[in-house]
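Number of protein chains: 2
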Amino acid sequence: MNKPSIPKGTRDFSPVEMAKRNYIFNTIRQVYALYGFRQIETPAMENLSTLMGKYGEEGDKLLFKILNSGDFMRSVSEQDLAGGGTNRLAAQLCEKGLRYDLTVPFARYVVQHRDELQMPFKRYQIQPVWRADRPQKGRYREFYQCDADIVGSDSLLNEVELMQIVDTVFSHFGIRVSIRINNRKILTGMANHIGEPDKIVEITTAIDKLDKIGIDNVKAELAQAGISAEGIAKLQPLFEISGNNDSQLDAIARMLANDETGSKGVEEVRFVLDALKPLGLKNEVALDLTLARGLNYYTGCIFEVKALDVQIGSITGGGRYDNLTGIFGLPGLSGVGISFGADRIYDVLNQLNLYPQDAMQGAQVLFINFGAAEAAHCLRLATQLRQAGIRTELYPDSAKMKKQMSYANTLGVPFVALVGESEMQADLVTLKNMVSGEQQQLDIEGVIRAING
Amino acid sequence: MNKPSIPKGTRDFSPVEMAKRNYIFNTIRQVYALYGFRQIETPAMENLSTLMGKYGEEGDKLLFKILNSGDFMRSVSEQDLAGGGTNRLAAQLCEKGLRYDLTVPFARYVVQHRDELQMPFKRYQIQPVWRADRPQKGRYREFYQCDADIVGSDSLLNEVELMQIVDTVFSHFGIRVSIRINNRKILTGMANHIGEPDKIVEITTAIDKLDKIGIDNVKAELAQAGISAEGIAKLQPLFEISGNNDSQLDAIARMLANDETGSKGVEEVRFVLDALKPLGLKNEVALDLTLARGLNYYTGCIFEVKALDVQIGSITGGGRYDNLTGIFGLPGLSGVGISFGADRIYDVLNQLNLYPQDAMQGAQVLFINFGAAEAAHCLRLATQLRQAGIRTELYPDSAKMKKQMSYANTLGVPFVALVGESEMQADLVTLKNMVSGEQQQLDIEGVIRAING
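Listed in order, the protein sequences are those of chains A and B. Going by our numbering, 310 is the number at position 310 of the first sequence; the sequence numbering is gapless. Going by our numbering, 167 is the number at position 167 of the second sequence; the sequence numbering is gapless.
Some clues are possibly wrong.
Identical copies carry no separate label here, and so any pair may be met within one copy or between two of them.
Unchecked claim - Using 27 Å as the maximum straight-line C-alpha spacing, the simulated DSS-like pairs for lysine-lysine come out as follows: (1) K403 to K137; (2) K212 to K234; (3) K137 to K282; (4) K234 to K306; (5) K20 to K212; (6) K8 to K61; (7) K234 to K282; (8) K61 to K212; (9) K8 to K199; (10) K54 to K8; (11) K400 to K209.
Hint data in this document are derived by calculation from the structure and do not stem from the laboratory. Remember, predicted model here, so these are calculated numbers, not experimental data.
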């Protein structure tokens, strides 16, 4: 019989991997809670009517669709069948799909439950999402997202707090990061300024390469994208922008002085950066005028986080949107959100070996099993240790000593408790420190003290 | 536009519901960890070849199947199409399905990863499962299971520890329970004893009604199930069994003295009950000779837990199996497991109103927003409180006082911090206790002390 396997692009998480993942999720969860965000969960399955059309044509294809129960062929027409495996046929075979992200389900949740929600509504959500992407290194078909959003408030204080959350989370992890901030309105302003309102993506993509390919090549790329010489000339101040956030903001403000949207964007970023100044962030928050972020629902501040000591893409991102719930019939609800990339953070922590030792630990002590009478005695001692909050195992079989010690070693159990006949009679425990090799005879109170360090 | 909705049988969990559910999961998780169990997770999607045929014919129908990506019609034959929505056709449209429980994925995991696993392997797993059951009150199409299993050890000490785990978990919850224990070998022994080895279910079902319908009716039911008068007569000792666990065990031991399997079962239960005696359990563990449990893979001790103060079905159950991994080509691996029914425990805790207050709380303090200057000042104070571990919100907009207070009230925030111009100048905070209504002016250290109580 072949070894069983799991679908490609999915993963089993072993105990050690789970301990690491729990450390990540718990850290993010605690920081979210510290800022008053409250958790929700939505079902893995959504109606396809909720999901379809929200992620573009490509996204529709990447949705996992669930075959209807019962006679799933009942409403399929001959004509649709003849067309092969199309979206149209899939829609007749399937009413439900697996969620593709947490944003659309959240928008659906807000609209569906709007009468119960107290605005502003601050929620976080940590759940898996599924995408039928081609699996490749670092890209999975099932992965977790860790999102927080505030909806129902257009105050920029929300942006400020999200930046603090990013700073706090990565400080906890010990990962040095650069937080990049920009504003969609600035990008719109730049495109307006040169009379090319539809070329935002081309402009930011080209400018993003400034450091790598130099001004002349950037200009060539802009020309190739169909931007006039006059337009490129108008972008000149952008190529000369330098210095700290404030001087960059001053320069872009001058450039966009006659564009209302652009000026608004500059003002928003300035507010956020100014508010952050006295708050003592441990990581740099830098204006990055080339930051665009792909998702087209962003309308205000956008941000992205990069690790400084590891070569990896963005590990966190987010931004302000003005009409997320409009697609479900509730327009005008502004919100701002953030998403931590748990899988990439996992990789960074692994590469930098930053997991704290105590997050990784299973049982703290293993009782060796010397036989029926000793085991019965140890059951009582183990119960006492657990009542003291110590994670305790009793080896279930009276196997060879070597096998039991090897079990403790493999699992990294730091203490082993040996209770043979003489210890039983004296009501003592021989406690072995598995790191130092040191052994001492202790009563149960002494054992508790020794393990709790 | 209609309000959006979610698939029937699925649920959104609001912040209050999530707080309750987290309390349940965290309690179970902590107790599992206290006994040295380590967490794993498996993918939501498994290959259908892993799932099909493991839950009986009915179970196969209740699996949610996932439509293949791309041209899902490519390998479907005309002939299969003509047959309508059959399992055969589904198998060609779908290679993957959502997991139906945690047991089969766990067995698959153990076989797939056997070379990495240290035996005995103690794992716990808390994840959702999906079943295309007809939704009804208390039955959902997506629900969580909370399982723990030890595989690779046939020691009865594992059963003993699982009973301790049950007792500890429900003691934490404050739910009084009765833990019922039996052994499949005893049931086999009884059926052998009367020469009806295939009638285990009929015998236990009938005997289970003894209290309700009386001996004569039970006998009538047994006769109707095709059991001979002689066989029924041989069961007579069972009808007279009474008293505590020990005297019941003695009686059944005498009855099954000539049946090897039955005697083994009695011995196993006796070991577990004897070992538990000195361990000070808070809940009763009672022998229940009518307990059968439906799942046919159990081979040894079986157990089930009922709440004493609420009318509801079994809220926890489990048992010993000898060959769970055999279906995946790894025979002879004995294990024992337990599963807490989170949704029913949720209902019981709700009915008895047993959720601890501090498990339910979001933010501990809300700063009222009096305007831009005050808000900037409060951002700094809020940062200090969060550094002290206090869950803190600053209302993002300078809305009307009444609206902000109502926000605090609705969310149950216990303290409100008021910092107007005079407080700013004096570097003080007016802290209002939302329960008592009491107000006091404090410096930030005083606020921290007041909130931490």
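> Hints broken by the structure, by number, lowest first?
Replying inline: Violated: hints 1, 3, 4, 5, 7, 8, 9 and 11.
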